Amino acid sequence: AQSVTQLDSQVPVFEEAPVELRCNYSSSVSVYLFWYVQYPNQGLQLLLKYLSGSTLVESINGFEAEFNKSQTSFHLRKPSVHISDTAEYFCAVTSRGPGGGADGLTFGKGTHLIIQP
Amino acid sequence: KAGVTQTPRYLIKTRGQQVTLSCSPISGHRSVSWYQQTPGQGLQFLFEYFSETQRNKGNFPGRFSGRQFSNSRSEMNVSTLELGDSALYLCASSPGQGPGETQYFGPGTRLLVL
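So the protein sequences, as listed, match chains A and B.
According to our numbering, the first sequence is numbered sequentially starting from 733.
According to our numbering, the second sequence is numbered sequentially starting from 249.
Keep in mind that the hints were calculated from the coordinates and are not lab data.
Hints are not guaranteed to be accurate.
Which residues of chain A face chain B? A few of them, derived with a C-beta cut under 10 Å, are [said to hold, decoys possible]:
#, residue
1, Gln777
2, Leu783
3, Asp817
4, Ala819
5, Ala824
6, Thr826
7, Ala834
8, Gly836
9, Leu837
10, Lys841
11, Gly842
A quick note: this is a predicted structure, and the numbers were derived from the prediction, not measured.
Ideal Cβ positions, reconstructed from N, Cα and C, are used throughout, including at glycine.
Okay, chain A solo, but in the shape it has when bound (with noise of 0.2 Å):
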């Protein structure tokens, strides 16, 4: 079984400052490893995903993550935050299925980044 282990439930930082948000997996198998995010009144949205090859994996918008396998983490960084990054951040984690599919992701708890002015 996979689980997902997110250390904070709550980062408070001030806007500009750099952030890290923890994530910690279990499997006994290869993994495939997500961020997604979900911003007030909004759905879930993919930030980045690990799938193989380099380690550290960019989004779009300035955040960054690093696959470690030996501490099997998946941290998510940003050097500078700003006041639109106030969000839930989900750190996910699915495998491949014994048919070839994909088992269902198994998500953290989640952790709320909030922005202060």
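Let chain A serve as the given structure and place chain B on it in line with the hints.
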């Protein structure tokens, strides 16, 4: 392209009733997954359908069921509703069923069981 749509957006039911929720995936997407989101348990996977076949199922009781039609639209049904079934039910679609596929989420159906 239009996004994933879910109907109805809000629903109030009483214990013991049953409910059917509907999801229309993005045009061309063949995989539909359902998730339950609650404050206590977070986001939990219910099931996934691909080409009208259930491919994966989460750890939910048999009261939760679903189906997918030939046009990829999907419905989920919850019978004998319990108070704990109050939640936001999210539908997500993806082009295929591989583990690396991005899932595109709808706005959800908020179900309140009284």
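Okay, the hints, checked on the actual structure:
no., hint, in the structure
1, Gln777, "holds (7 Å)"
2, Leu783, "holds (4 Å)"
3, Asp817, "violated (19 Å)"
4, Ala819, "violated (14 Å)"
5, Ala824, "holds (8 Å)"
6, Thr826, "holds (5 Å)"
7, Ala834, "holds (4 Å)"
8, Gly836, "holds (3 Å)"
9, Leu837, "holds (6 Å)"
10, Lys841, "holds (5 Å)"
11, Gly842, "holds (6 Å)"
When the structure is compared with the earlier hints, violations turn up for hints 3 and 4 and for no others.
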